[in-house]
Every structure is written in structure tokens, then in C-alpha cells.
Amino acid sequence: MWQGALEWQGAWMSEPKLIRVARRARMITSKVMRPGRLAVQRRLCTGATLLSCLALTASVCAQVPGVMDQGASAPSEDQRPYLKAREGLQMAFSTGLRFPMGDASDAPGDTLAARYSFQLPLVFDIGSKVTPNVHVGGYAGFAYGVEGNADTVEDYCDDDDGDLSNDISCATLAYKLGVQAQYHLAPSARYNPWVGYGTGVELVSQSLNDSTRRFEERTLSTSFTVAKVDLGVDFRSRSGMGLGLYSEASVGRFIHSRTEINGEATYVGKVDDPAWHVWLGAGLRLVLFP
Amino acid sequence: MTHTRVSALALVLGLLVLGCGGESAGGPAIAELGTSVADLAGHTTNTYCTVLPVLLGGRVRVEMDVAGEFSMLLEGDNHLVVLSFDGVRDAAELELAIDAETLRSTYSESIDVTTTKDRHFVVRLASGCDP
Numbered sequence: 031m032w033q034g035a036l037e038w039q040g041a042w043m044s045e046p047k048l049i050r051v052a053r054r055a056r057m058i059t060s061k062v063m064r065p066g067r068l069a070v071q072r073r074l075c076t077g078a079t080l081l082s083c084l085a086l087t088a089s090v091c092a093q094v095p096g097v098m099d100q101g102a103s104a105p106s107e108d109q110r111p112y113l114k115a116r117e118g119l120q121m122a123f124s125t126g127l128r129f130p131m132g133d134a135s136d137a138p139g140d141t142l143a144a145r146y147s148f149q150l151p152l153v154f155d156i157g158s159k160v161t162p163n164v165h166v167g168g169y170a171g172f173a174y175g176v177e178g179n180a181d182t183v184e185d186y187c188d189d190d191d192g193d194l195s196n197d198i199s200c201a202t203l204a205y206k207l208g209v210q211a212q213y214h215l216a217p218s219a220r221y222n223p224w225v226g227y228g229t230g231v232e233l234v235s236q237s238l239n240d241s242t243r244r245f246e247e248r249t250l251s252t253s254f255t256v257a258k259v260d261l262g263v264d265f266r267s268r269s270g271m272g273l274g275l276y277s278e279a280s281v282g283r284f285i286h287s288r289t290e291i292n293g294e295a296t297y298v299g300k301v302d303d304p305a306w307h308v309w310l311g312a313g314l315r316l317v318l319f320p
Numbered sequence: 566m567t568h569t570r571v572s573a574l575a576l577v578l579g580l581l582v583l584g585c586g587g588e589s590a591g592g593p594a595i596a597e598l599g600t601s602v603a604d605l606a607g608h609t610t611n612t613y614c615t616v617l618p619v620l621l622g623g624r625v626r627v628e629m630d631v632a633g634e635f636s637m638l639l640e641g642d643n644h645l646v647v648l649s650f651d652g653v654r655d656a657a658e659l660e661l662a663i664d665a666e667t668l669r670s671t672y673s674e675s676i677d678v679t680t681t682k683d684r685h686f687v688v689r690l691a692s693g694c695d696p
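One line per chain: the protein sequences are S and Z, in this order.
Going by my numbering, the first residue of the first sequence is number 31, and it counts up by one from there.
Going by my numbering, the first residue of the second sequence is number 566, and it counts up by one from there.
A portion of the hints provided could be inaccurate.
Here are a few chain Z residues that sit away from chain S, every Cβ distance over 10 Å (derived from the structure) [unchecked claim]:
no. : residue
1   : Gly-592
2   : Pro-593
3   : Leu-659
A few chain Z residues that face chain S, going by a derived Cβ cut-off under 10 Å, partial list only [what the hints assert, rightly or not]:
no. : residue
4   : Thr-615
5   : Leu-620
6   : Ala-632
7   : Glu-640
No lab work stands behind these hints: they were computed from the structure.
All residues carry an ideal CB built from backbone N, CA and C; glycine is no exception.
Input sequences plus hints: build the corresponding full structure.
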């Protein structure tokens with residue numbers, strides 16, 4: 031064996047160096063052979079066994095790459111999930127802008143945009159991911175805005191007497207509550223798109239307070255939200271929080287209204303001529319446990 | 566800052582306050598309808614003041630019972646008020662619609678009603694409400 035190895039090495043070693051290596055090899059061989067044949071055979075068997083085991087392990091690992099994925103070597107970056115898909119509690123806070131569309135009632139000129147301006151919503155979602163893809167839960171929130179684009183109402187809300195004091199305040203607050211479900215398309219990916227559907231109720235309160243005339247008016251309109259359709263995408267960070275973008279179309283119709291003038295209820299009852307309206311919105315959301 | 570500049574600044578501010586602002590705050594007057602009922606003896610009862618809403622979607626609904634003889638129903642929103650009667654003869658003909666714009670100007674009207682029990686009353690309507 032040693033001579034064979036030396037012959038192979040001789041192809042690229044110089045002659046004096048080859049002689050020195052051959053002499054050292056003979057010395058080692060003589061030392062190894064000295065303890066006796068039995069010991070030499072035992073050492074050779076041990077070495078052969080170790081080599082056989084290494085060769086067997088290498089061949090098994092080469093034929094079953096799945097074993098290697100779970101064990102010694104990690105999968106490549108593009109094959110590995112970005113972050114394990116979560117199940118259980120999930121919460122989100124969202125804000126943005128929403129715009130009124132459609133009719134508030136069938137009365138002439140009573141569009142949603144005539145009643146209310148665009149609004150700034152703040153919504154809290156809470157629920158559970160019952161599977162990595164499916165989120166079921168509820169939402170609650172409010173939105174702030176001002177009067178709509180109806181000329182008559184804008185005239186009343188415009189404090190233009192030039193006395194440098196704000197005598198008139200007009201505001202709109204909307205409160206909404208409901209249940210929803212979301213389907214997450216890539217729950218273990220860095221960017222997780224999702225679609226959602228919800229239903230609930232919404233209460234829109236509009237007030238006008240004119241201190242110079244001592245006139246106060248407040249209307250409360252309750253709407254049934256038939257469909258709240260959401261589209262969004264969440265960026266899932268490894269810290270347990272995520273940021274996302276969402277867009278929303280909320281379809282509903284007012285079913286009940288209440289009017290108070292100077293603190294006295296002047297009308298409480300159903301809306302006689304309901305119509306369909308839509309709030310179209312978009313914004314950002316902060317997700318806990320995305 | 567020199568005295569001249571202070572004067573100029575005060576003048577500009579004064580012009581802004583006086584020139585850019587209107588004379589009144591909050592648009593036109595609030596539409597109000599005053600109602601009262603008088604019998605033949607001249608006794609006035611059922612004096613009401615109905616303030617029409619300003620906001621879109623705002624409504625007002627008032628039912629007035631006059632001594633158990635007849636009743637009036639007043640329903641309105643921010644641009645129209647409708648007065649209807651029950652327990653009187655020719656109730657459909659007596660029904661009345663008044664525009665909010667009319668109520669913001671000077672308006673008055675008297676309606677003679679005869680109840681189904683043949684009693685006579687005068688319903689007086691006027692824009693504005695006495696304090």
C-alpha cells in the first residue's frame with residue numbers, strides 16, 4: 031500500500047524528496063509491524079470499519095436529501111418559510127381615509143357625500159387564526175369627519191362673521207361594530223396578502239352647534255352593514271408585529287334615525303326611504319402576531 | 566419694529582377682520598313654524614314652536630291633539646314641512662306643505678277647520694316663534 035502511494039506521489043515529487051519519504055515510511059511500517067500480526071490486523075479492521083461507516087452514511091445522505099434538510103444542512107433561503115405561520119390570537123389597529131359614495135336615502139339630493147365628508151377612521155380588529163389561513167373575529171372602531179358637500183349645510187357650518195372666534199362647530203363621528211373573517215393567502219411568507227368579509231352595524235352621529243343662535247342639532251343614523259369587503263397585504267416581521275396596507279368597501283343602508291334639536295328628540299324611528307351607500311377606504315394597519 | 570410698520574400691520578389685520586368676514590355666522594336663519602289653535606270664542610290653545618332641522622337626514626315629527634276634538638300632524642325635514650289633520654272634515658284638502666325657504670321669510674296663514682263633531686276652530690300658522 032505504501033509503495034503504491036509512493037509511486038503515485040513520485041509523479042510530482044522530486045527524486046531526493048521521494049527517497050526521504052520512502053525511508054520515513056519504512057520506519058513507520060517497521061514500528062507498526064513490530065507488536066505482532068494480531069494487533070496489526072485489529073487496527074486494520076478498525077480502520078476499515080470506520081471507512082465503511084463513513085461511506086455508507088455518505089451514500090444514504092446522497093440518496094435521501096430530505097434527511098439532510100431536517101438534519102445537518104439547512105434548506106436554501108428561497109425554500110425555507112420566512113416565518114412560521116401563526117395560529118391563535120391576532121389583533122390589528124388600522125387607520126387611513128374613507129370616502130362616502132351612494133345615497134343616504136332616496137330623498138332628492140340626500141347622497142352620502144352630501145351628508146358627510148371623508149372620514150379618518152381608527153379601527154381595532156381582534157380574533158383568532160383558527161388555521162394558518164383563516165382568521166375569525168370582530169372589529170370595532172370609530173371615524174371622524176365633518177359635514178358633507180351640501181351647500182345649505184356648509185353655509186350653516188361656515189363661521190364667517192369675522193369675529194375671530196369659532197362660534198359654530200360641525201362634526202361627524204361614526205362608530206362601527208361587527209364580525210369578520212379573513213383568508214390569508216401566504217400565512218408563512220414575508221408578505222402575506224389576504225381578503226376579508228364582514229358584517230355589522232354602524233352608527234353615524236352628526237352635530238351642529240351654533241352658540242350665537244343657541245341652536246343645537248344632532249342626527250343619529252344607524253346603518254346595517256351588509257358587506258364589508260377587505261383586501262390587504264401584511265408585512266410580517268420576526269418580532270411578532272407586522273405592518274400592512276388595506277383597502278375596504280363597506281356596503282350598507284340606513285335603517286333607523288334619530289334627530290335632536292336643542293336637546294329634544296324631534297324624531298325617532300325607521301328610515302322611510304332607505305337607499306344603498308358605500309364607504310370606500312384605504313390605509314395602514316399595525317398587526318400583532320401576524 | 567418701527568411705529569410705521571406697526572401701524573401698517575394693524576391696518577392690514579383690521580381690513581382682514583372687517584373685509585374678509587361676513588356679517589353673520591352660520592348661513593341663513595333657522596326655519597321655524599309657530600302654530601296655535603283658537604276656538605270661536607277666541608281662546609287660544611295648543612301653541613307650539615317647531616324648529617326645522619338643518620342637517621340632511623334630520624327630521625321632525627310633532628303630533629298635536631286639540632282638546633280631544635281633532636289632531637294635527639306636522640312632519641318636516643330640512644327643506645319642507647307638511648301639516649295634516651285628523652278628525653276634521655275635508656282633511657285631505659286641508660293638508661298643507663310649506664317650504665323651509667318660505668318659513669325663513671315672513672309667512673302667516675289661518676285655516677278654518679270643522680271637526681267631525683261640527684265644532685269650528687281656526688289654526689294659525691306663522692314663520693318664526695315668539696320668545
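Worksheet item: Looking at the structure, which of the earlier hints fail to hold?
Response: Violated: hints 1, 2, 6.
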